[in-house]
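**Q** Residue numbers (the numbering used here), protein chains in the order written: chain A, 194 to 310; chain B, 472 to 582.
Read the hints as simulated data drawn from the structure, not as lab findings. The structure displayed is predicted, hence computed values, not measured ones. Ideal placement from N, C-alpha and C gives every residue a C-beta, glycine not left out. One thing to keep in mind: the hints can contain errors.
A few chain B residues that face chain A, going by a derived Cβ cut-off under 7 Å, partial list only [unchecked claim]: (1) G511; (2) R512; (3) H516; (4) L517; (5) A553; (6) A556; (7) F559; (8) G565; (9) K569; (10) F572; (11) T574; (12) G575.
Label pairs and their in silico Cβ distance ranges [what the hints assert, rightly or not]: (13) B/Q579 to A/E246: 25 to 33 Å; (14) A/R208 to B/N489: 32 to 40 Å; (15) B/G511 to A/T207: 19 to 27 Å.
The lines below spell out each chain.
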Amino acid sequence: ETGVTQSPTHLIKTRGQQVTLRCSSQSGHNTVSWYQQALGQGPQFIFQYYREEENGRGNFPPRFSGLQFPNYSSELNVNALELDDSALYLCASSLASVGTSGQETQYFGPGTRLLVL
Amino acid sequence: SQQGEEDPQALSIQEGENATMNCSYKTSINNLQWYRQNSGRGLVHLILIRSNEREKHSGRLRVTLDTSKKSSSLLITASRAADTASYFCATPTGTASKLTFGTGTRLQVTL
C-alpha cells in the first residue's frame, strides 16, 4: 500500500455531465500528478500540482481542471464529459524539491474507474 | 503520445522461468523507471535506473539501460504466479516530473 487514496473507486456518468475525482496524497508529500489510462494503454499525464499551483500540463483540453489544497490533497474535475473520457484515472503523489525534479519516486493510488455512457 | 514502447506486448511463461521485457524511448533522459500494474489497479514502482547507470538489481529484478540505443530491459528471474501483471517503463520529462509511460507488457505466469 502506498498511502495514496482515491475516491470514488468507480463512477458512472452520462455524456455532458461533470465529475470530480479526489486524491489524498501520502503523508509528507507536496506534489500530486494525475494520469488518465484508457483500456489497454499506458497512463497519460494530465497535469501536476506542486504546493497548490499547477506545475505542468499534458495534452488535455481545458475542461480537465484541478485543484490542490493546503493539506496537499487534490481534485480532478472534468466538465462536459465525452464517451472517450471513460478510463482509469490515477493520481500519484511525491515529495519534490528544487533541483530534484524527475528524480523523485511517484506513489500511485488505486485509481478511479470512470465510465461515461 | 507514448514516449516508450515495450516489447513484447504480451508474454506468457511458466512459473520458475525468467521473463524479459524491453523498452525503447525517444528522447534523452535522466532516469528510467519500471512500474507494475495488477489488473487495472494502481501502479507500483519497481525500480529506477539513472542515466549514468548501466545495470541495477532489486531482489529478483534486474534492469539494464543503454542510453546509446535508448533502450532498457527488465528481467524477472524465477517468476512466480504473483508476478502476473502489466509492466510499464516510464521516463520523467520536463520540469514537472511528468512521467511518460510506454504501452506496457502484459505478463502471464502459469503454474
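**Q** Regarding the hint that B/G575 lies at the interface with chain A, is the smallest CB-CB distance below 7 Å?
**A** Since chain A brings a Cβ to about 5 Å from B/G575, closer than 7 Å, the hint holds.
**Q** Does B/K569 meet its interface restraint, that is, does its C-beta lie within less than 7 Å of any C-beta in chain A?
**A** B/K569 check passes; min Cβ-Cβ to chain A is 5 Å, inside 7 Å.
**Q** The hint names B/H516 as touching chain A; please verify it with the least Cβ-Cβ distance against 7 Å.
**A** holds (5 Å)
**Q** Are B/F572 and chain A close enough, Cβ to Cβ, to be under 7 Å, as the hint says?
**A** B/F572 check passes; min Cβ-Cβ to chain A is 3 Å, inside 7 Å.
**Q** Interface hint check: B/T574, Cβ to nearest Cβ on chain A, cutoff 7 Å. Holds or violated?
**A** holds (5 Å)
**Q** Does the hinted range 25 to 33 Å hold for B/Q579 and A/E246 at CB?
**A** Given a distance of about 43 Å, which is not inside 25 to 33 Å, the answer is violated.
**Q** When the nearest CB of chain A is found for B/G511, is that gap smaller than 7 Å?
**A** holds (6 Å)
**Q** B/G565 was flagged as interface toward chain A. Is the shortest Cβ-Cβ separation under 7 Å?
**A** Nearest chain A Cβ about 6 Å off; hint holds.
**Q** Report holds or violated for the interface hint on B/A556, using the least CB-CB distance to chain A and a cut-off of 7 Å.
**A** Violated, because the Cβ-Cβ distance from B/A556 to chain A comes to roughly 13 Å (cut-off 7 Å).
**Q** Let's test the interface hint: is any C-beta of chain A closer than 7 Å to that of B/L517?
**A** violated (10 Å)
**Q** Just to be sure I understand the hint, the distance between the Cβ atoms of B/G511 and A/T207 should be within 19 to 27 Å; is that true here?
**A** holds (22 Å)
**Q** Confirm or reject the claim that A/R208 and B/N489 have a C-beta distance inside 32 to 40 Å.
**A** violated (47 Å)
When each numbered hint is compared with the structure, violations occur for hints 4, 5, 6, 13, 14.
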